[in-house]
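Student: The primary structure of each chain is shown beneath.
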Amino acid sequence: MTGIYLDNNATTRVDQAVVEAMLPYFTEQFGNPSSMHSFGNKVGLAIKKARMQVQELLGAEHDSEIIFTSCGTESDSTAILSALKAQPERKEIITTTVEHPAVLTLCTWLEKDGYKVHYLSVDDKGRLDMDEYKKLLTDQVAVVSVMWANNETGTFFPVVEMAELAHAAGAMFHTDAVQAVGKVPMSLKDTRIDMLSVSGHKLHAPKGVGVLYLKRGVRFRPLLRGGHQERGRRAGTENTTSIVGLGKAAEMALEAMEFENTEVARLRDKLETAILAKVPRSFVTGDPSNRLPNTSNIAFEFIEGEAILLLLNKFGIAASSGSACTSGSLEPSHVMRAMGIPYTAAHGTVRFSLSRYSTEDEVDRVIQVVPEIIAQLRKLSPYWEGDGPAAEPEKAFAPTYA
Amino acid sequence: MWDYSDKVKEHFFEPRNAGVLEGANGVGDVGSISCGDALRLMLKVEPETDIILDAHFQTFGCGSAIASSSALTEMIKGKTLDEALKVSNQDIADYLDGLPPEKMHCSVMGREALQAAVANYRGEVWSDDHEEGALVCKCFAIDAVMIEETIRANNLSSVQDVTNYTKAGGGCSSCHEGIEEILVKVLVERGETFKPGGVAKEEAAPAGMTNLQRIRKIEAVLESVRPQLKRDGGDIELVDVDGKTIYVNMTGACAGCQMEALTLQGIQQKLMEELKEFIKIVPTKTGALTRAMK
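Quick mapping for you: the protein sequence lines, in order, are chains A and B. First residue of the first sequence? That's 2 in our numbering, and the numbers climb one at a time after it. First residue of the second sequence? That's -5 in our numbering, and the numbers climb one at a time after it.
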């Protein structure tokens, strides 16, 4: 049995066509694009092409707005630190409680250096309060960093509108769009988004390559200084093979954009509807009416996510969970907690994230397996009795916590 | 994915004694605050003999929590309550061929459920005696609460101190930033500031005792803690004194007890206070400390 991979928000398979596009740049075209001889010449052209492919996917006005980096995290750090460095008189940052650790951990770190960070809260569907945001936008804010789509629930934030508001307050606007790029049509040239992070491996390009989109004219202070690569904005010899791969992947993502939003969304909906119908006491987290087409995050009450994943894995199904135990940390997902999901449900959240390579057969198989797994684990749960939760589960089982 | 042993997987995929136990007369409901997992252990005890005739569990938790629960029920069936209570969390982990350091608290939860169930059977109220924090040092499985308490109790001020007292940070050293953060916090409370290059706590000047006086003093300290250990069915004996290192033997219930490291730490502290010098206590037989150092 081949595995069923429904964890595409974690990472994706590199497309075969991407691999083929990359291969010549390992052995034949191995030159340094900075070199004067002909070994480097063609490589420089390949990078230029990749830059234009990414430009097109993002709807950027100029190809020089695309800066290749090593990953989404580097892009996030570069963007936020640049905004702070460029506007030393502004000491505040606005972000959200549900950002990816690449932004959150950096922000809590910056708090130690005296920066004031405002964390916008979300409601039970993971939505922001725009009035709260508007109130916080003062002339003290250097940068707003808000993700385009949440990695756990897929829920969108209104980044285009938020960028307008930030701009009006004179603050820079950055968005971590690693989950959205390739799944959401973008035309950055028509927005006030100043900076945007892309991660290659989320869209069928290899790991270890990312992009920072930097709108022309936005004041910028590089994180890595040294060589003149990327017009001096990101020093370090280019990861040529991966950049070529990312370019190819961007081109393919643009071609598949409609498919992602129709066929992938249909499969996701089929999966979700069937599971919810078959499994009692389960519900979708986040905002189902406003989210990525490939993501479904389902909370299964009274059981724990890691146990679900281990059993899914036994059936060759790969997904991920917001439970404490899967992360290596001891806290359940900060995203679930921010939405106020009770912990007997937050621990049992499972994220299914599809890709354009997911098939109907695979989805059918998951629909068949999941209800059995959930029933099996609930038999072990002290909150569960027979076919349903114990009467007043929180009272039926109230352990002493130590 | 966690690196679970085959035994853990086996007990997770095919848990033994899962589900409600009809006619249970001892029930323990405990949860681990550190991860949110929780466990109900049900015992059927024969009143005449105190023998555990049957044991079942229900667990809200991850793979290793379920496996630990399953293993525990297998281990205690047929034992008397007193025998069962000797099962330590390390025994549960050993039975499962080991648990990842982040998951050791699952076995602690099992042991606590056992204590709670026995207390429930005996009509007593069980209360927990330790608090667990976020794991800081993954090499030696030392958590934040342990580090913070040790810093407070011993007035520590450097990462090196913390490593000397708790072993935390003595391995790969990638948790030094985390240890520094705890130091900064506690030092601020003490009205001090953390100095990164801070030297380890000065060793106290030799107290000017002869070897014989010193060894007698050590024996006197061990004598003073002996009644406590004996109450728990254990004992300690002095094996050798080599400079600053004092070798001891933990015997009886102390040997392999999950609290062995903590007990030794307490004794070491007492010895340092009495001798007025910096010493290290080392158990010679395989115990929790030496196991962890392997």
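No wet-lab data here; the hints were simulated from the structure. No residue lacks a Cβ here, since even glycine has one placed at the ideal position from N, Cα and C. Wrong hints could be hidden among the right ones.
To be verified - To spell it out: a stretch of chain A is covered by chain B in this simulated footprint if at least three of its residues, at any positions, have a beta carbon under 8 angstroms from a beta carbon of chain B; those stretches are: (1) 306 to 313; (2) 344 to 351.
What the hints assert, rightly or not - Here are the simulated PhoX-like cross-link-like pairs (lysine-lysine), alpha carbons at most 20 angstroms apart as the crow flies: (3) B:K3 <-> A:K380; (4) B:K3 <-> A:K113; (5) A:K86 <-> A:K117.
Student: None of the hints should be skipped; say for each whether it holds.
Tutor: A quick look at each hint next to the structure:
{"no.": "1", "hint": "306 to 313", "result": "holds (count 5)"}
{"no.": "2", "hint": "344 to 351", "result": "holds (count 3)"}
{"no.": "3", "hint": "B:K3 <-> A:K380", "result": "18 angstroms, holds"}
{"no.": "4", "hint": "B:K3 <-> A:K113", "result": "42 angstroms, violated"}
{"no.": "5", "hint": "A:K86 <-> A:K117", "result": "15 angstroms, holds"}
In terms of the numbered hints stated before, the structure departs from hint 4 and from no other.
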